[in-house]
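When you get a sec, could you build the whole thing from the sequences and use the hints?
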Amino acid sequence: MKHPDDEQLIALYYGEGRDTDSLREHLRGCLTCRENFSSLEQTLDAVKNMPVPERDSDYGSQVWYAIANRLDLPERRPAEQRRVTFGLRGLAGVGALAAMIVAAFLAGRYWPRRPAPTVATNTAQIRKGVLLVAVSDHLDHAQMVLMELANGDSDGTAQKPAEKINIANEQEWAEQLLVSNRLYEQTAQQTRDPEIENILSALEPVLLEIAHSPDQVSSQQLQEIQDRIRNTGILFKVRVVSSDVRDKERSLAQQKDRGQT
Amino acid sequence: MVDRAEDSDAAHVAQTLAGNQEAFRSLVERHSQRLFRLAYRFTGNENDAEDLVQETFLKAYRSLGKFEARSNFGTWLYRICANCSLDHRRRRRPQGESQELDNPDGTLSADNLVNPSPSPERLLLSAEVQQEMEIAIQQLTPAERTAFALRHHEGRSIEEISEILGLRIPATKNTVFRGVQKLRRALAPLVGQTR
Chain F
1 MKHPDDEQLI ALYYGEGRDT DSLREHLRGC LTCRENFSSL EQTLDAVKNM
51 PVPERDSDYG SQVWYAIANR LDLPERRPAE QRRVTFGLRG LAGVGALAAM
101 IVAAFLAGRY WPRRPAPTVA TNTAQIRKGV LLVAVSDHLD HAQMVLMELA
151 NGDSDGTAQK PAEKINIANE QEWAEQLLVS NRLYEQTAQQ TRDPEIENIL
201 SALEPVLLEI AHSPDQVSSQ QLQEIQDRIR NTGILFKVRV VSSDVRDKER
251 SLAQQKDRGQ T
Chain Y
1 MVDRAEDSDA AHVAQTLAGN QEAFRSLVER HSQRLFRLAY RFTGNENDAE
51 DLVQETFLKA YRSLGKFEAR SNFGTWLYRI CANCSLDHRR RRRPQGESQE
101 LDNPDGTLSA DNLVNPSPSP ERLLLSAEVQ QEMEIAIQQL TPAERTAFAL
151 RHHEGRSIEE ISEILGLRIP ATKNTVFRGV QKLRRALAPL VGQTR
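Here the protein sequences come in this chain order: F and Y.
In this text, residue positions in the first sequence follow our numbering: the first is 1, and each later residue adds one.
In this text, residue positions in the second sequence follow our numbering: the first is 1, and each later residue adds one.
Hints should not be assumed to be uniformly reliable.
As the list claims (entries may be wrong) - Capping the alpha-carbon separation at 30 Å, the derived lysine-lysine pairs in DSSO-like fashion look like this: (1) Y/Lys66 with F/Lys164; (2) F/Lys164 with Y/Lys59; (3) F/Lys164 with F/Lys48; (4) F/Lys48 with Y/Lys66.
Said to hold, decoys possible - Sample of chain F residues at the chain Y side, in silico, Cβ under 7 Å: (5) Ile10; (6) Leu12; (7) Leu23; (8) Gly60; (9) Trp64; (10) Leu71; (11) Ala168.
As the list claims (entries may be wrong) - Pairwise CB distance ranges (calculated): (12) F/Ala66 with Y/Glu154: 34 to 42 Å; (13) Y/Asn20 with F/Arg228: 53 to 61 Å; (14) F/Lys2 with Y/Gly65: 30 to 38 Å.
Since the hints were made in silico from the structure, they are not lab data.
Idealized CB from N, CA, C, for every residue including glycine.
In structure tokens:
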């Protein structure tokens, strides 16, 4: 049997993987692999033994009292306005959500309307608010993908130059985000929001590059992607605009509150 | 026993949806301790973990209609907690904070290393070692840390983690693998000395 790689040893530690009997047999006869596995065990055992602070026995009641007055009515049916959360399942709906928002904007812009200035202003504000919330979520997700890639293999996890690094999940996120990115950019053009338009325009080539990368990349290829992220400063730009968008969201909500009182 | 607890969870969910808030209280009291341990593994900080527990229950309550009676309520809470934690870490990471380990080779910086010649007993037990481990874990990306905590501390299978994080199985395996490798490199000097 050839020497097992680290992935096989990690699987063995967790009691997973195939052919564990022959793997153990190999470890018995191979000092190098045995030492490698022993070092892995020591590290993981040490981490496992890290203590977690104890809570009082009535911690559950404490949690209840802390949240009881903040409980809203639970939704009886799956929500139509489901907030997109991190993860592929959440992202799968992003394109559709973006399409709905764009459609709503186009409808608001091109459908004939009766003159009703106050209502029109409110409607425009609501539509602006919807876009800000959607773009804010979109930028958060983009930031997550960029961060995962920027930090991927930061310590040289792929030990040999020929070893491939799996970026399939980041690639899939990028594909999903690319669709919504284009739709939001189109909407930002129509609503004349240059800050959002510019950041989405800068984000597109980076997402495109990630989405079109192979599932498995070499250290060099990953380094190129990371260099591009760093050199364009895209992560920083996304953070800045994301923060601005949140400020705008808050400001819009305050305006709305003042309008209601 | 487990089945009975799960049945009971499902019954409490149904009662909550029928308008009985006290039923939700039972769920909170039953699951808080375990959820805190998980939240602490995700955040590495007591206050953040407590906030995360509360946020998880609030989100769970608002989304209770989406919970399927056949599912395990505990696993469902884990999923919400994992996603809240990922959101938290993303939003709270300061802009200038280093995303990587201090040294390019993946080890911790000299300032962070423990005294080079203490006894193995001291090394194993010292607060410094624990601090080093916490620093090493904090250096993982949010996804790596969450996946690692679920695998390593909670004993969740790759399939379960994949379900909780909404990732494909190869991507989940890879995320756990990357996390373990980073920890090994960061903690290598300590492990070497404790042999």
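Hints, verified against the model:
1. Y/Lys66 with F/Lys164: 39 Å, violated
2. F/Lys164 with Y/Lys59: Violated, because 38 Å separates the two Cα atoms, which is more than 30 Å.
3. F/Lys164 with F/Lys48: 29 Å, holds
4. F/Lys48 with Y/Lys66: Roughly 34 Å separates the two Cα atoms, so the pair is violated.
5. Ile10: 5 Å, holds
6. Leu12: Constraint on F/Leu12 not satisfied, violated at 12 Å.
7. Leu23: Status violated, d = 16 Å.
8. Gly60: It holds, given that the least Cβ distance between F/Gly60 and chain Y is near 3 Å, below 7 Å.
9. Trp64: 5 Å, holds
10. Leu71: Hint on F/Leu71: holds, closest Cβ of chain Y at ~5 Å, below 7 Å.
11. Ala168: 5 Å, holds
12. F/Ala66 with Y/Glu154: 34 to 42 Å: 24 Å, violated
13. Y/Asn20 with F/Arg228: 53 to 61 Å: At roughly 55 Å between Cβ atoms, F/Arg228 and Y/Asn20 fall inside 53 to 61 Å, so the hint holds.
14. F/Lys2 with Y/Gly65: 30 to 38 Å: 53 Å, violated
In this structure, the earlier hints numbered 1, 2, 4, 6, 7, 12 and 14 are contradicted, and the remaining ones agree with it.
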